[in-house]
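Chains A, B and C, in that order, give the protein sequences.
Going by my numbering, 61 is the number at position 61 of the first sequence; the sequence numbering is gapless.
Going by my numbering, 87 is the number at position 87 of the second sequence; the sequence numbering is gapless.
Going by my numbering, 31 is the number at position 31 of the third sequence; the sequence numbering is gapless.
Among these hints, one or two may not hold up.
Using C-beta positions, here's what the derived DEER-type ranges look like [unchecked claim]: (1) A:Leu246 / C:Val110: 19 to 25 angstroms; (2) B:Asn92 / A:Glu97: 41 to 47 angstroms; (3) A:Ser227 / C:Ala171: 42 to 48 angstroms; (4) C:Ser208 / A:Leu243: 53 to 59 angstroms; (5) A:Gly31 / C:Arg57: 30 to 36 angstroms; (6) A:Leu246 / C:Ser141: 37 to 43 angstroms; (7) A:Arg10 / C:Ser141: 39 to 45 angstroms; (8) C:Arg57 / A:Gly229: 20 to 26 angstroms; (9) A:Asp196 / B:Asn137: 43 to 49 angstroms; (10) A:Phe64 / B:Asn92: 47 to 53 angstroms; (11) C:Asp117 / A:Leu13: 53 to 59 angstroms; (12) A:Gly12 / B:Ala2: 48 to 54 angstroms; (13) A:Gly12 / C:Ala171: 39 to 45 angstroms; (14) A:Ala7 / C:Asp187: 32 to 38 angstroms.
Among the chain C residues that face chain A by a calculated CB cut under 10 angstroms, a handful are [said to hold, decoys possible]: (15) Asn69; (16) Leu81; (17) Met165.
Calculated from the structure, these hints are not laboratory results.
Just so it is clear, CB atoms sit at the ideal spot from N, CA and C, and this is done for glycine as well.
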Amino acid sequence: MIDRIAAFGRIGLDIVSSFGRSGRFLSGVLGGVPRPATGFPLLVKQLYAVGVLSLPIIVVSGLFIGMVLGLQGYTILSDYGSEAAIGQMIALTLVRELGPVVTALLFAGRAGSALTAEIGLMKATEQLSSMEMMGVDPLRRVVAPRLWAGFIAMPVLAVIFSVVGIWGGMLVGVDWLGVFAGSFWGNMQSSVDFVDDVLNGGIKSVVFGFVCAWIAVYQGYDCVPTSAGISSATTKTVVYSSLAVLGLDFVLTAVMFGDF
Amino acid sequence: MAQRTTEIIVGLFMIAGCAALLFLALQVSGLSAKSAESTYTLYANFNDTGGLTPRGRVSMAGVTVGTIESITLNKETFQARVEMSIHSEVDNIPADSSAVIRTSGLLGEQYIDISIGAEMASLNEGDTFYSTQSAMNLERLISNFASGR
Amino acid sequence: MDSSAYISLRDVVFSRSGRRIFDGISLDIPRGKITAIMGPSGTGKTTLLRLIGGQIRPDSGSIVVDGHNVPKLKRKALYTLREKMGMLFQSGALFTDLSVFENVAFPLRVHTSLPEDMIRDIVLMKLEAVGLRGARNLMPSELSGGMTRRVALARSIALDPELIMYDEPFAGQDPIAMGVLVKLIRDLNSSMGLTSVLVSHDVPESLSICHYACIIADGKIIGEGTPEQLREHPSDQVQQFLQGQPDGPVPFHYPAEDSARDFGLSGGVS
């Protein structure tokens, strides 16, 4: 019995100490600003791997989610005779919520897990160690470009997601279900405010991008350097990122869109 | 993959993102260049503002001519005092016009509609609307309907 | 002790997860010579290399490399010191996304601002020294195990270091590859005036090339000296290790209960 309590306490302490390690890790990564000459090509390479290669899944998901919003929204709104409001419904849903959140979840699943596995594998094959022994700081060379790439790519992906979703909703609403194009766009424009909705959504996606990238990169760096360790770290990345995104979404939504 | 090709593709990716943002700005949220317009202030007192909120619409003949800046309670007259910003180019509202609270659609948001009067003189900066009509109160309407008739 | 020691360890104590890996070790590694550190598996030989390289810190004691006390160094100074060290990992640890040429060029690109054609010349010279100049455009996944190690060796000498550490270089190599590595280690040491530290449990190969050796077991040094001195060493433990006897001070049987009880002999009273 006492052992169980002790084990519980140890788990709690482990969690707290891992937060601490990840905090120190973050300060190590952000502390050294890389030299522009060498840092920039690394960043570009990571932006390609993390951002561009995530585009297919983001675009396809955005399209389908926008189309589903159009369909579902039409069904519900036609009960109130307000089909014309479908444009504003799709736009607000995507720009404020689904754009940042779904993009972050997809990002964590695709790019986050890839980052964790890659860094974990580099740790397991001692590439990080050999880099250290050659006098190159792996935090600056390997980890920092990936963190910044995730941080920059996420808002871009979220914006693309929203736009593709709106277009998908337009395809369903205007072209298929016959909502008048003028009122579709007109209602949307009058109810979506750039600063309050688009920029707030943008702030959300920046925060999510930072958190997802940090978790992914830290889990890879901190993992047990065996194949079982890497797979467990990859799973943790996806789970923790998703939970963090959903939790932060609530907090940010309450702050931004609630009436405090 | 050659470094140059990667750079070009990443550049295109960032440009696509900016284009998407621009689309969101212009087409979706209707952000336009003429947003920093000059306005002048008018006031109106209502017995009941219902669901009127700041940033609500002020319209005349269905055209948006301004926004609601604030709604405050006047403790002496126990009326609500609404402050509105009207676009400066709409400078010929007759002095005896009234401000009416209307609802857009059946369940939509409420807005102020200016119903024009006949006077030659116009409302100026800081003037108050002479007559107003408060928000439609559903309960009162129903009790009137039930008891009146 | 030896005043031309390149590395000096004094009373180094290091524990991990409750186990004392090093219990007050003192060791001098002479400059310009090949020193072999041997011992049974799991005694922490790789840990010793990591301590010298500053990747981990000892609980107490000092580790002086070329006059610098490694555990006390700040990050920047440590990274500068590491530019003088080369380390060959057991798995080679090549960067899998770079070609052989790029792998060897990596330290040069990072630490120097030499023009591209000079880098090319240096890389090709280093590859030539390990006999792999023709493999310059291959990717690490296309190399055999022995070739991987040779490329890693070329990479670790790219900056002309003063110290090279080899972590189990002979493990799992076929005789030809072993012969190649032995030749390379010996030639590099003499031609470049390096200090080489070799961690291995391959006794014949290690003793054949080293100038000085020491054997670590149970967190202590149980024997040190030149290969000839070690062969004559009086300790039983040393002799068991050197000759590869299966039973001796390190017992054959893992501690277990009396066999009579396990096999149900003599009535089996529990």
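Check each numbered hint against the structure and report the violated ones by number, ascending. Per hint list: 1, 3, 5, 9, 14 and 15 violated.
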